[in-house]
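Enquirer: Build the complex: two chains, separate frames, hints provided.
If you're matching them up, the sequences are chains L and A in order. Our numbering numbers the first residue of the first sequence as 1 and each following residue consecutively. Our numbering numbers the first residue of the second sequence as 542 and each following residue consecutively.
It cannot be assumed that every hint is accurate.
Counterexamples of contact, computed for chain A against chain L with all Cβ distances above 12 Å [to be verified]:
1. Thr546
2. Leu645
3. Leu655
4. Phe770
From the structure, some residues in chain L lie toward chain A, with a derived Cβ separation under 7 Å [to be verified]:
5. Ser56
6. Gly59
7. Asp263
8. Ala267
9. Pro268
10. Asp270
11. Val292
12. Asn293
13. Leu470
14. Leu473
15. Leu477
Among chain L residues calculated to face chain A with C-beta under 8 Å, some are [claimed, not checked]:
16. Arg37
17. Leu39
18. Arg43
19. Ala454
20. Asp512
In short, the hints are calculated from the structure, not lab data. Beta carbons: idealized from backbone N, C-alpha and C, even for Gly.
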Amino acid sequence: MTDAATERLTSAPQAESEPPGPPSAMRPAELVRWAWRQLTSMRTALALLFLLAMASVPGSLVPQSGIDPVRVAQFKAAHPGLAPWYERLSLFSVFSAPWFAAIYLLLFVSLAGCVLPRSKAHWRAMRAAPPRPPRNLERLPVHVGWRAGRDPASVLDEAARELRSRHYRVVRHEDAVSAEKGYLRETGNLLFHTALIGLLVAVAVGNLYGYKGSVLVVEKAGFSNTLAAYDSFSHGAGFDEDKLAPFTVELDRLRVRYQATGDQRGAPRDFRATLSYQSAPTAATRRYALRVNHPLVLDGTKVFLIGNGYAPIFTVRDSTGEQVFSGPVPFLPQDGNNTSVGVVKVEGATPEQLGFQGFFLPTGTIDARGPISTYPDLLLPTAVLTAFRGDLGTGSGVPQSIYKLDTRAMTQFTGPTGKPLAGALRPGQEMVLPDRQGSIRFDGVRRYATLQVAHDPGKSPALLAAACALLGLMLSLFVKRRRVWVRATAAGGGRSLVEVAALARVEGEDRDGLHDEVTGVVSSLGHEGAGPTTSTIGEED
Amino acid sequence: MAGETLAQLSNNLLYSSMAVYAGAMYCYAAEMAFAPRRQQTRAVPVAERSMATVARTPTAYDAAPRTAVDGGRAPAPPTGTHGTARADRVGRVGVALTVLAFALHLGAVVARGLSAGRAPWGNMFEFSTAGALAVTTVFLVLLARRDPRYPVRYLGLFVVGPVLLTLGLAVTVLYTDSEQLVPALKSVWLVIHVTAAIIASGILTLGFAQTICYLVQDRLERRGDGPAFMARFPSAAALDRAAYRMHAFAFPIWTFAVIAGAIWAENAWGRYWGWDPKETWAFITWVVYACYLHARATAGWRGRKAAYIALLGYGTFLFNYLVVNIFLVGLHSYAGVG
Ligand code: HEM
Numbered sequence: 001m002t003d004a005a006t007e008r009l010t011s012a013p014q015a016e017s018e019p020p021g022p023p024s025a026m027r028p029a030e031l032v033r034w035a036w037r038q039l040t041s042m043r044t045a046l047a048l049l050f051l052l053a054m055a056s057v058p059g060s061l062v063p064q065s066g067i068d069p070v071r072v073a074q075f076k077a078a079h080p081g082l083a084p085w086y087e088r089l090s091l092f093s094v095f096s097a098p099w100f101a102a103i104y105l106l107l108f109v110s111l112a113g114c115v116l117p118r119s120k121a122h123w124r125a126m127r128a129a130p131p132r133p134p135r136n137l138e139r140l141p142v143h144v145g146w147r148a149g150r151d152p153a154s155v156l157d158e159a160a161r162e163l164r165s166r167h168y169r170v171v172r173h174e175d176a177v178s179a180e181k182g183y184l185r186e187t188g189n190l191l192f193h194t195a196l197i198g199l200l201v202a203v204a205v206g207n208l209y210g211y212k213g214s215v216l217v218v219e220k221a222g223f224s225n226t227l228a229a230y231d232s233f234s235h236g237a238g239f240d241e242d243k244l245a246p247f248t249v250e251l252d253r254l255r256v257r258y259q260a261t262g263d264q265r266g267a268p269r270d271f272r273a274t275l276s277y278q279s280a281p282t283a284a285t286r287r288y289a290l291r292v293n294h295p296l297v298l299d300g301t302k303v304f305l306i307g308n309g310y311a312p313i314f315t316v317r318d319s320t321g322e323q324v325f326s327g328p329v330p331f332l333p334q335d336g337n338n339t340s341v342g343v344v345k346v347e348g349a350t351p352e353q354l355g356f357q358g359f360f361l362p363t364g365t366i367d368a369r370g371p372i373s374t375y376p377d378l379l380l381p382t383a384v385l386t387a388f389r390g391d392l393g394t395g396s397g398v399p400q401s402i403y404k405l406d407t408r409a410m411t412q413f414t415g416p417t418g419k420p421l422a423g424a425l426r427p428g429q430e431m432v433l434p435d436r437q438g439s440i441r442f443d444g445v446r447r448y449a450t451l452q453v454a455h456d457p458g459k460s461p462a463l464l465a466a467a468c469a470l471l472g473l474m475l476s477l478f479v480k481r482r483r484v485w486v487r488a489t490a491a492g493g494g495r496s497l498v499e500v501a502a503l504a505r506v507e508g509e510d511r512d513g514l515h516d517e518v519t520g521v522v523s524s525l526g527h528e529g530a531g532p533t534t535s536t537i538g539e540e541d
Numbered sequence: 542m543a544g545e546t547l548a549q550l551s552n553n554l555l556y557s558s559m560a561v562y563a564g565a566m567y568c569y570a571a572e573m574a575f576a577p578r579r580q581q582t583r584a585v586p587v588a589e590r591s592m593a594t595v596a597r598t599p600t601a602y603d604a605a606p607r608t609a610v611d612g613g614r615a616p617a618p619p620t621g622t623h624g625t626a627r628a629d630r631v632g633r634v635g636v637a638l639t640v641l642a643f644a645l646h647l648g649a650v651v652a653r654g655l656s657a658g659r660a661p662w663g664n665m666f667e668f669s670t671a672g673a674l675a676v677t678t679v680f681l682v683l684l685a686r687r688d689p690r691y692p693v694r695y696l697g698l699f700v701v702g703p704v705l706l707t708l709g710l711a712v713t714v715l716y717t718d719s720e721q722l723v724p725a726l727k728s729v730w731l732v733i734h735v736t737a738a739i740i741a742s743g744i745l746t747l748g749f750a751q752t753i754c755y756l757v758q759d760r761l762e763r764r765g766d767g768p769a770f771m772a773r774f775p776s777a778a779a780l781d782r783a784a785y786r787m788h789a790f791a792f793p794i795w796t797f798a799v800i801a802g803a804i805w806a807e808n809a810w811g812r813y814w815g816w817d818p819k820e821t822w823a824f825i826t827w828v829v830y831a832c833y834l835h836a837r838a839t840a841g842w843r844g845r846k847a848a849y850i851a852l853l854g855y856g857t858f859l860f861n862y863l864v865v866n867i868f869l870v871g872l873h874s875y876a877g878v879g
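So that you can see chain A by itself, here it is in the shape it has in the complex (with noise of 0.2 Å):
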């Protein structure tokens, strides 16, 4: 049949762009081991502020060009004294691998919604499939875009990493052939919930990452010494600006995958809100995201303790997406697992 020749190739895709995913994963390792040692502690907030300040005199102003001391603009492209060629052009090998691992993994998830007539995101190994290629994707759209707001560059490992975890998890426990969906599955507004949902918590993934770099760097600034690696990466207030846009961008994004949520429930069951434990998961992780915009915006929480609230949020999802699913006894259970 040829649905079943489409799902056999959609398997052989995946494991083949898993194991180029294996390959950029290396790539990005070595590329770290790479870099030359830290030269130079970076240029603190208050040496910034000495600087506008010396912009006071009038004199100053037909002198040179100046701009941002810390990188804020544009991360620093490790040259010269920060990287070495040779870090530069295995990470350059790492993101072309990325590359060539999406294009087998879209054709994955291609001809697994092709194999069944439908939207491929109807089962747990499906959702992970297709959250997965929604990582990737954002990854690779920041990464072309190049836009300094966007800094994403030397997030590879932390991207490729989580990425391959999801998909094995995929492929050994949560496998199951690809079939029609349940009738309660079959709806419009499911298929629009769950694109936004992915695609929400896609970005929510590399705000995530950005986020425990910011943390690891802002420690590392604040002692002044750290891992040779980590001097490639961004300001620690880059960092935090980063994660935050990111987070800004998913958050309208989970909010609409929820409204759209709650349509599909009516259509289904006659209520729009049950407080099912999928449900309540959602709205937990909702709620905590909006506790990180409210943080940054709260004199003493910004910075550090708004940064473990976006944790914590990603906390929620992952145990929505995971132990829900899998455990716990709802009207959602599509998992399709065991």
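Only chain L is shown next, with the shape it has when bound in the complex (with noise of 0.2 Å):
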């Protein structure tokens, strides 16, 4: 179809048959200007696509850094001749590599490219009559003509009446009626993929902006918001400290609820953990009962409760019989059933510093495997502790992790046998050392959260742009591009030679409907006879 009437009803970028190697001899200007037609071409979106597709696969199958520290480090152990070119390729950032930003940016280009010279096309033609029809109306995709016992005129006038009345923009010409609908489709596609580029920059504002921080904190303390609080921070570029929430936020309780019974025993059903929190220093207390999935808001920050554990609580007293330490120390879960590991240190005991290593074990037997628990809840809390003394190594200035021990410097006690002294403790028992060393006393549990502070001035304009996307998507998936003509000519004795023809945006998806609209329209014209030809033309290339 060469008619300028029936040209694709779509300002998407033409020239989309076999593109044209680069002129042989172009100067600069050329050059980039054939550059540019080809990035922002349907052909480069559709392999930019893909690339995108298959960029993401190993950032599923590789651990990444960034989302699970551990089994980078684990994999890395594992496959030492492997794990420097993974390294080296970004293998275990995907998602923050450069080669994964060059294929999005590049995307992001040729949308911009592509939506504004469409948005430029599309404000004209919505602005534009409906074009002429064309001179052969038998060659549209679906076409009926008839002789109608009207003349031409009063013919014309209903049809521009009926094509008004289902919405259609309507011109009426001497000899024809051209009518066009459905520019809301153009339009819903020019939303989503704008949409698009709004939801990168959203991402790109709340990794700039945002920050992000978790906090371990046991029943009966608290902690504020500000940086050294926290156990671990990251931040973006444009992060700045000072403009922290000024929170206080402390754990009153929390209460576990575990599958009791069945093939899901000690499967997690419910966290409920008590807040007393204050927005500001001056404002009032308020309580909150954080659980899973109902974050405490703050001021845009949003508190979450992601994990919990068990802080046992130890009395250690040295050679002196003097108490050198008392309180909870948080020990770290390692299965499902919470068999958790840590370890007391006490640098203030004399004439050497103390260390204790073990696990505390909420529902404690001890097995082949060694000390293990069986349930998640505290059935049978017990403590297995071994001792050491010696230096700690925390005065060297090395940081150290609070859930292990440095023995390269101690040595560990033994029992009578000579075997590594170990205990079992269970709350209000004492295991005291050899040689009058002193002891420790496990006399409780408190039960700990894990608290997540994350702000992100992103999340509101992401969302935004996420439903813009989704309104455009469907506008431009489920609005019908239309243009129907109707010419009538005298056929003498007041008769008429009438014809209706139709053409949709792609011809091909849209027919049944464009053959029932055709139908519609021809019968509102008072003809009831042969249904209109339905081709294919113009579905295949």
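Expert: Structure representation (structure tokens):
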């Protein structure tokens, strides 16, 4: 179809047949224009989308350091030959890799280069009148013709009325009517693609100005929203410490519930942390029941409950009989039944520093695998400890993990048989160290909650962009862009030769709808005989 | 306990529905086997084009009604020379059995939900059962509408087969007792997210089946020959359009499912997107189907090439459902398997 009126009903970039190669002898300006046309072509968009999908695959198969650093470390230990190559190719951080960024940035440049000219074309199309009918209406995908017993003018008036009532934009010509509707389709498509750009910008803003920190809080303790309070903290380049919302949070109580029976025994069922918080130092203290999926919102900053565990309470006395340590010590859960590991470091003990390491078992047993918990809740709390004396190494200035004991400068206490001293303590029980070196008593247990504090200023814009994208997508897929032409010519004796024909944006896809539409228009003109002819012209390339 | 009784009832209903589905599948297979030999090759677009040209002479205006040649409007009902009464009868029995199986299947899902006191899609067993139900639902809805734009009558075997396969996998490998959920899964947004994903996957499954049928029919039309039962199917062009409609319908629902999932993730973990394997594959599926929609608007990519992209899209969806849920480590480990 060469007729101007029957060109594709889209402002998508044309020139889609074989893309011409770069002209052999090109001036730089031509080369740039050629390259730009290539980049913004539909083919390139398709290729870049494909690349984007493929590039995401390794990010789901190789452990990612931003998501699970522990598994990255395990992977590196297990594959010492492969790991450096993975490192070099950024395979442990695919989604922040330069090559991944290159793909989506190219895609979005292409997108912008596509959306701008299309918006301009669409703007013009929306204000232009529907084009005059092509000479040969029979060549259109849907066509019908008949002899009517009325004069052309009355047929055309009737047709214009009918098409207007079908929400067409209508132009009455001397011998024909042109009508078009469904401009919202292209509007929706442009909205969708523009919203994708908006989404990218919102994500970037969030990454730049947002922050995220996690903090472990034992029952009856709290924290204030300052950098120093966090166990881990990450933020974007534009983050400003002074802008941290000045709230404080205290954990009054953490209640947990686990599945007690059945094939999911031990599965978590409910976690509920009762918080007292102040949104600012001078604000009133309020309470909040923090649950998973029900974060506390403070000034656009959100506090989430993302984990929990046990902090057994120990009291340690040294060789002088003096109490040198007393308090809860958080232990890290290792499995679904909360078998937890941890250490107690006593720097102030004399004559030497003391260290204890071992397990906390909410429901303890000791079997062939060693000390293990068989249920995640506190049915039979047990602390299994071994003891060391010497230099904890905490004074060296090198930061230490609070969950690990550096025993290089320490000696382990041994029992009467020469085997390492180990005690399995129930609440209230005490393990006495040999040679009057002191003792450790297991007083009881508190729970702790791991809280995540997150601030993401790009979140609401991202949601808005996503909603616009969805709306645009639906318009672009479900609104039908159609042109209908009616031509009536005098056939003598007050009769006329009437033709109705229609065109859809992508003919094949809207064919049946188009057929029904034309049938409707035709019958409103009083013709009941022949149905329209539907051809598949324009369906193949 | 009432909960356990209901859960038991749910299992019994599910097994019954599987038996009935199996009967329906047998009927659909028999329907194909009874189909008579292909009588004539289909009218190809070239023929239609010459037809349209005939209409150009003004005298043709008063001629008899002229409608589409290739059955693109309604899939020419397989009567007379195209089918035998026997094939039709057994096919209709197949549809009746599908309706019965659907009722039992629906009962199973509802009873499961009542037994746990929540939306019955909280673990992989339930997700599979509900997803299979969505496939049957979409099929029956389209069948009942008799809309020529959504021809599905011929799809019986391709719908009931995968449904039965999914249910078989669910009751053997994926089964978990009816219980409450872990705290992270207690969220309205999760219910919305999974519901949308289940509906989208039901529609995508039908689109997938139609795409396969299109590819087969297209090949046969080029050769001008093929097994008898394919003559009962719509033309390749009609199948292609129908598959496109299915995908275009599912794509926004999938988009919505991904957005709802992001909202849920933000509520549960404080970040709306974290490239968790499950999220990554939902994204990949989305991008591949976007490729498909683009391909259909790109010269040189319409037709078979676009269809292959749609198949790839379904492949990524299956990968997410089977491989990612069970084998890859992530926050969305709600499979409850093993
Ligand atoms: C971020 C990546 C992109 C995504 C996710 C995306 C997604 C989509 C989707 C889902 C459609 C289907 C809507 C419809 O059929 O009307 C579509 C249509 C379209 N896209 Fe994109 N797109 C992207 C990038 C691009 C780029 C870079 C271009 C420029 C070449 C482009 C040009 C178009 C055009 C012209 C259409 C309408 C096709 C038609 O007229 O049927 N898109 N896009």
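Enquirer: Name the hints, by number, that the structure is in violation of.
Expert: Violated hints: 16, 17; rest satisfied.
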